[in-house]
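Novice: Below, each chain spelled out in residue letters.
Number of protein chains: 2
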Amino acid sequence: MRAAFYVCYILNHMVQYTQAHFNASFAALSDVTRRGVLEQLARADASITELAEKFDMTLTGMKKHVGVLEQAGLVTTEKVGRVRTCKLGLCRLEEEAAWIERYHQLWDARFDELDKVVGELKRKEKAHGRRKRK
Amino acid sequence: MRAAFYVCYILNHMVQYTQAHFNASFAALSDVTRRGVLEQLARADASITELAEKFDMTLTGMKKHVGVLEQAGLVTTEKVGRVRTCKLGLCRLEEEAAWIERYHQLWDARFDELDKVVGELKRKEKAHGRRKRK
Chain A
1 MRAAFYVCYI
11 LNHMVQYTQA
21 HFNASFAALS
31 DVTRRGVLEQ
41 LARADASITE
51 LAEKFDMTLT
61 GMKKHVGVLE
71 QAGLVTTEKV
81 GRVRTCKLGL
91 CRLEEEAAWI
101 ERYHQLWDAR
111 FDELDKVVGE
121 LKRKEKAHGR
131 RKRK
Chain B
1 MRAAFYVCYI
11 LNHMVQYTQA
21 HFNASFAALS
31 DVTRRGVLEQ
41 LARADASITE
51 LAEKFDMTLT
61 GMKKHVGVLE
71 QAGLVTTEKV
81 GRVRTCKLGL
91 CRLEEEAAWI
101 ERYHQLWDAR
111 FDELDKVVGE
121 LKRKEKAHGR
131 RKRK
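Going line by line, the protein sequences match chains A and B. Quick note: the first sequence uses the working numbering, first residue 1, plus one each step. Quick note: the second sequence uses the working numbering, first residue 1, plus one each step.
For the record, the hints were derived by calculation from the structure and aren't laboratory data. Keep in mind that a hint or two might mislead.
Pairs of lysine-lysine residues, derived as DSS-like cross-links and limited to a Cα-Cα distance of at most 27 Å, are as follows [claimed, not checked]:
{"id": "1", "chain 1": "B", "residue 1": "87", "chain 2": "A", "residue 2": "87"}
{"id": "2", "chain 1": "B", "residue 1": "116", "chain 2": "B", "residue 2": "126"}
{"id": "3", "chain 1": "B", "residue 1": "126", "chain 2": "A", "residue 2": "124"}
Taking CB as the label site, the calculated pair distances span [unchecked claim]:
{"id": "4", "chain 1": "B", "residue 1": "40", "chain 2": "A", "residue 2": "32", "range": "27 to 33 Å"}
{"id": "5", "chain 1": "A", "residue 1": "84", "chain 2": "B", "residue 2": "2", "range": "27 to 33 Å"}
{"id": "6", "chain 1": "A", "residue 1": "8", "chain 2": "B", "residue 2": "13", "range": "32 to 38 Å"}
{"id": "7", "chain 1": "B", "residue 1": "21", "chain 2": "A", "residue 2": "8", "range": "23 to 29 Å"}
{"id": "8", "chain 1": "A", "residue 1": "116", "chain 2": "B", "residue 2": "82", "range": "25 to 31 Å"}
{"id": "9", "chain 1": "A", "residue 1": "127", "chain 2": "B", "residue 2": "101", "range": "43 to 49 Å"}
Reference listing, derived: stretches of chain B covered by chain A, where coverage requires no fewer than 3 residues with Cβ under 8 Å from a Cβ of chain A [what the hints assert, rightly or not]:
{"id": "10", "region": "26-33"}
{"id": "11", "region": "36-46"}
{"id": "12", "region": "95-101"}
Please read all numbers here as calculations on a predicted model, not as lab measurements. We put the CB at the ideal spot given by N, CA and C, even for glycine.
Could you put together the complete structure from these sequences and hints?
Specialist: Here it is as structure tokens:
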């Protein structure tokens, strides 16, 4: 009984962790500058100052964006002397891609189902029309 | 010259539209209740009241969530009498999936590049060690 409780407890924590991670990563992607920073860092590492210049922002503004990306595991930063260098993080957005893929499948299944219902209604309407004409 | 200007103007608008759409759809996905509502509507249409009950929320709270999903084109709603029914919208998150897929490729390329740099450094270090021993 106690083992089952622990398994439930751990599973519940895992689900909560994934959900919190999804919240953070999708929120990080919901801004054009942050998506731009990711595309930029995929080409080369950059300092906060370089990123701020490239995206025509204040240092404070860029620090906030990098903080959001860092929280989501999409970026890591390292301070050497006065320069904070930003690199891509270990999160490859794989789970997020899997969630969207599963949603595609559900979406397709739902619309196929609706298509069938509409098709059935059309057939019934046609049959009804034919009976009326007789 | 004027034609080129119009082409640029239209392209610029298209890019801005896509970026605004991405902002809205990723923001819509950044909440566990909103992701749950999408999964629920992929199974069957539901009224706001039913969704509020299912997710243990107030009607006002659920209306706000549905509003965010509607703005992103992920949900459509229709009011018949007093009941507002929610259905899946036409947005299948295809462009969002494509963005993430492209990011995967950039991410892989970046880490492959870094692997090569590390490999090169290791080789040089080994060669340097051998020379020292001689």
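Novice: Taken at face value, is the distance from the CA of residue 87 of chain A to the CA of residue 87 of chain B at most 27 Å?
Specialist: Violated: residue 87 of chain B and residue 87 of chain A sit about 41 Å apart, past 27 Å.
Novice: Determine whether the Cβ-Cβ distance between residue 127 of chain A and residue 101 of chain B falls within the hinted range of 43 to 49 Å.
Specialist: Holds, since residue 127 of chain A and residue 101 of chain B (Cβ atoms, about 46 Å apart) stay within the stated range.
Novice: Looking only at beta-carbon atoms, does the pair residue 84 of chain A, residue 2 of chain B fall within the given range of 27 to 33 Å?
Specialist: Given range 27 to 33 Å: violated, Cβ gap about 46 Å.
Novice: Please check whether residue 21 of chain B and residue 8 of chain A have a Cβ separation lying inside 23 to 29 Å.
Specialist: This hint is violated: roughly 40 Å between Cβ atoms.
Novice: Does residue 116 of chain B pair with residue 126 of chain B here, judged by a C-alpha cut-off of 27 Å?
Specialist: holds, 15 Å
Novice: Please check whether residue 116 of chain A and residue 82 of chain B have a Cβ separation lying inside 25 to 31 Å.
Specialist: holds, 29 Å
Novice: Tell me if chain A covers the region 36-46 of chain B under the three-residue, 8 Å CB rule, please?
Specialist: holds (count 5)
Novice: That 27 to 33 Å hint for residue 40 of chain B and residue 32 of chain A (C-beta), does it hold up?
Specialist: For residue 40 of chain B and residue 32 of chain A the Cβ distance comes to about 30 Å; the hint holds.
Novice: Verify the coverage statement for the region 95-101 of chain B against chain A, using a C-beta to C-beta distance below 8 Å and requiring 3 or more qualifying residues.
Specialist: holds (count 5)
Novice: Should the hint that residue 8 of chain A and residue 13 of chain B are 32 to 38 Å apart at their CB atoms be regarded as holding?
Specialist: violated, 52 Å
Novice: Okay, the region 26-33 of chain B and chain A, do three or more residues pass the C-beta test at under 8 Å?
Specialist: holds (count 6)
Novice: Please verify whether residue 126 of chain B and residue 124 of chain A have alpha carbons no more than 27 Å apart.
Specialist: violated, 79 Å
Comparing the model with each numbered hint stated earlier shows that hints 1, 3, 5, 6 and 7 do not hold.
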